[in-house]
Amino acid sequence: AQTVTQSQPEMSVQEAETVTLSCTYDTSESNYYLFWYKQPPSRQMILVIRQEAYKQQNATENRFSVNFQKAAKSFSLKISDSQLGDTAMYFCAFHSILGAGGTSYGKLTFGQGTILTVHP
Amino acid sequence: DGGITQSPKYLFRKEGQNVTLSCEQNLNHDAMYWYRQDPGQGLRLIYYSQIVNDFQKGDIAEGYSVSREKKESFPLTVTSAQKNPTAFYLCASTLDSSDGYTFGSGTRLTVV
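Taken in order, these protein sequences are the chains called H and S.
All residue numbers for the first sequence refer to the working numbering, where the first residue is 1 and numbers rise by one.
All residue numbers for the second sequence refer to the working numbering, where the first residue is 1 and numbers rise by one.
The set of hints was computed from the structure by calculation and includes no laboratory data.
Ideal Cβ placement from N, Cα and C applies to all residues, glycine included.
Any given hint could be a false lead.
Stated by the list, open to error - Residues from chain H that face chain S, not an exhaustive set, calculated with beta carbons under 8 Å:
| hint | residue |
| --- | --- |
| 1 | Tyr33 |
| 2 | Leu47 |
| 3 | Lys107 |
If we strip away everything but chain H, and leave its shape as in the complex, we get (with noise of 0.2 Å):
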């Protein structure tokens, strides 16, 4: 079974700074794929990011992007420039494939999550 860590509970940042939330799993699988959501107060999940393990480039969507060492097993969440509003807990979460459906048929897998505050 797959497994996501992040050793991180909590984190905080100055606002206009960058920071970086850390993640681990474990696999056996080859092929995958890897999200970071945002869960701010209102706790409604927001997905920031997505990668495809079999993709060398490193994912980016405006201020997030992330690290990804796929031998080492690891996808850090890099935020530049932290506002306010990311004030949130992040979830790191690793896609399985449930059957022989193709990537369609598949699960989510989250880690523990960290809580990201951002100070003014």
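Given chain H's structure and the hints, the job is docking chain S onto it.
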């Protein structure tokens, strides 16, 4: 607008009672999922369904039941057999899970 609707937002249950949480989506998604969120444990999978009239147990299915009679609906029943039901419950759906999920806004269940 398309999305997932979970109701109610807050739910109180007496010990020994069954309670059903609603999840409806109008995204035409095939797959639907129920997760439970507890402090410090992230999201854990309860049940999932890839197609109508078919569903599978997730990692913590004991004390829960589901049905999938319509593509749009995937209700979760928390039975009296669930020993610690107080938690935040999230429903999600997707057309292709490798693209990630769309989540509902959640239901907070409290046993009183």
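Against the structure, the hints come out as follows:
Hint status for Tyr33 (chain H) relative to chain S: holds, with the closest Cβ pair at about 5 Å, below 8 Å. For Leu47 (chain H), the suggested interface contact is upheld, since its CB lies about 5 Å from the closest CB of chain S, less than 8 Å. The criterion of a C-beta within 8 Å of any C-beta in chain S is met by Lys107 (chain H), whose closest approach is roughly 6 Å, and the hint holds.
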